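Participant: Sequence order for the protein chains is A and B.
Using our numbering, you'd call the opening residue of the first sequence number 1 and step up by one each time.
Using our numbering, you'd call the opening residue of the second sequence number 146 and step up by one each time.
For the record, the hints were derived by calculation from the structure and aren't laboratory data.
Everything hinted at is true.
Taking lysine-lysine pairs in the DSBU-like style, the calculated list, with each CA pair at most 30 angstroms apart, reads: (1) B:Lys-518 x A:Lys-127; (2) A:Lys-127 x B:Lys-515; (3) A:Lys-127 x B:Lys-545; (4) B:Lys-278 x B:Lys-383; (5) A:Lys-19 x B:Lys-547; (6) A:Lys-24 x B:Lys-515; (7) A:Lys-134 x B:Lys-515; (8) B:Lys-518 x A:Lys-24; (9) B:Lys-278 x B:Lys-382; (10) A:Lys-138 x B:Lys-515; (11) A:Lys-127 x B:Lys-538; (12) B:Lys-410 x B:Lys-226; (13) B:Lys-518 x A:Lys-19; (14) B:Lys-547 x A:Lys-24; (15) B:Lys-327 x B:Lys-515; (16) B:Lys-352 x B:Lys-458; (17) B:Lys-547 x A:Lys-127; (18) A:Lys-19 x B:Lys-515; (19) B:Lys-545 x A:Lys-19; (20) A:Lys-134 x B:Lys-518; (21) B:Lys-538 x A:Lys-19.
Simulated coverage check for chain A against chain B, where a stretch passes if three residues somewhere in it have a Cβ under 8 angstroms from a Cβ of chain B: (22) 33–47; (23) 54–68; (24) 119–128.
Quick caveat, the model's predicted, so the values are computed rather than measured.
Beta carbons are placed, not taken as given, at the ideal position from N, Cα and C, and that holds for glycine.
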Amino acid sequence: MSSKNLDTLYRQVIMDHYKNPRNKGILEDGSLTINMNNPTCGDRIQLTMKVEDGKVTDSKFEGEGCSISMSSASMMTQAIKGKNIDDALKLSKIFSDMMLGKEYDDNIDLGDIEALQGVSQFPARIKCATLAWKAMEKGLNENNQ
Amino acid sequence: MNSREIRELFPILNQEVNGNPLVYLDSAATSQKPVQVIEALDRYYREYNSNVHRGVHTLGTRATDGYEGAREKVRKFINAKSIEEVIFTRGTTTSLNTVAASYGRANLSEGDEIVISYMEHHSNIIPWQQVAKATGATLKYLPLQEDGTISIEDARQTITSNTKIVSIMQVSNVLGVINPIKEIAQIAHQHGAIMVVDGAQSAPHVKVDVQDLDCDFFAFSGHKMCGPTGIGVLYGKKQLLENMEPIEFGGEMIDFVGLYESTWKELPWKFEGGTPIIAGAIGLGAAIDFLQEIGLENIEAHEHKLAAYALEKMSAIEGMTIYGPMDSAKRAGVVTFNLSDVHPHDVATVLDAEGIAVRAGHHCAQPLMKWLKVSATARASFYLYNTEDEIDKLVQGLVKTKEYFSDVF
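Let the sequences and hints guide you as you build the complete structure.
Facilitator: Right, dumping it as structure tokens:
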């Protein structure tokens, strides 16, 4: 197609999360709710997380946006379930480093998230991928205070 | 008009992006610059950079002549009566904010109305929201027709004797529609309201005559019309500007400064506090010379032809939704669309891989996106250097985009 290989961006697993998002919806009662949007492009997410005893026990999201932002949200909610707050925030740091093309701790099994690595080669799309993660960080940091 | 020859004057267009010749279809965001403008900026900085209106020295005089010469070019370009009516600003946003903050705050009070439309750019919405909050005035929206146009009948209904300000864009940056400004201005004036025009998308593309439109204020930006970024214009009728207070205070704009009181320079300088945008104004002057040499009527006709061609070719793609009127006579060179269920960012990324630059997002028009019931759209916008060949490439790119996403799904 061109020197910029689209297939490194639109990996099968990403498109699968986009078409069949995991954890779509809203958690009611006593959950953390974070609304975040990307004002430059109109993507928005509502993230809900249930935190019990320092652990994320459940998480769901609603929102609208492109394949990258929505698949990233789907993967993120999947990944943080069952993690304690510190581990979830640590994962977010790894994800951020991965997006910026920095060295990151690859001892942790990232599962589906690894597929988003290609986004780092498309600078215009990094903000799409990080939206859900920023929402998660904001929610957990506020909860920690 | 020969767009192939014109392209030669735009050095940036002669490059490959992602292995393909650049197809730049984002001029509604910012236009590219011809060598004439680039050289004018270069010459200013190399040969006569100096501050204006103060130096007795030779370079100061040359810089002042360049800066004030550009003002006269702008005056002619929009057919203002005098240079007193031409204020240099940072761009359309600053121009509109100046009207809202100066004229708006001084002339509005509770019970008064400001009328804008659903298609406005954020820069013609938020200044009015702010001035409405500060003064207690009410902000009212002109509705849109099904095809995104404004009807004169609706304007008659919405503008009332309580209306003090009507502010409408002349050409929509999303729908491409050309609004009946002259008629709306007449209605506004019948009710004693003033007419403000956001000309950001019209001044680059159609012949603007502020006296013929009979608008009270007209705002536009240099960078969308082949000029540099950071320079724009606020035109205002002299008798209105004379009675308005500046919103920025400092050097350049003063007459006498005392310990506790100061007085302002005469028009237009009382609105130009601080060292002005000298290079920007000179660059804008060069852009105006360039556009006028080609002829605005030729540019308009060329874009019109491109829009008609794009509407025809793009609407033939299955799953294509085009926003705004399908009648090309009602629109300028802007085509906003969505392609089946592929998100506009994804459309823009695939097109970018083909070297084609389009805009994706809400185009600084969130209320309009809401009205269209979409969260985002993609937009191709054309200018004098674009060709039918490039629209063919866009169409091919869109077909590829569709195929690509139907494969991965």
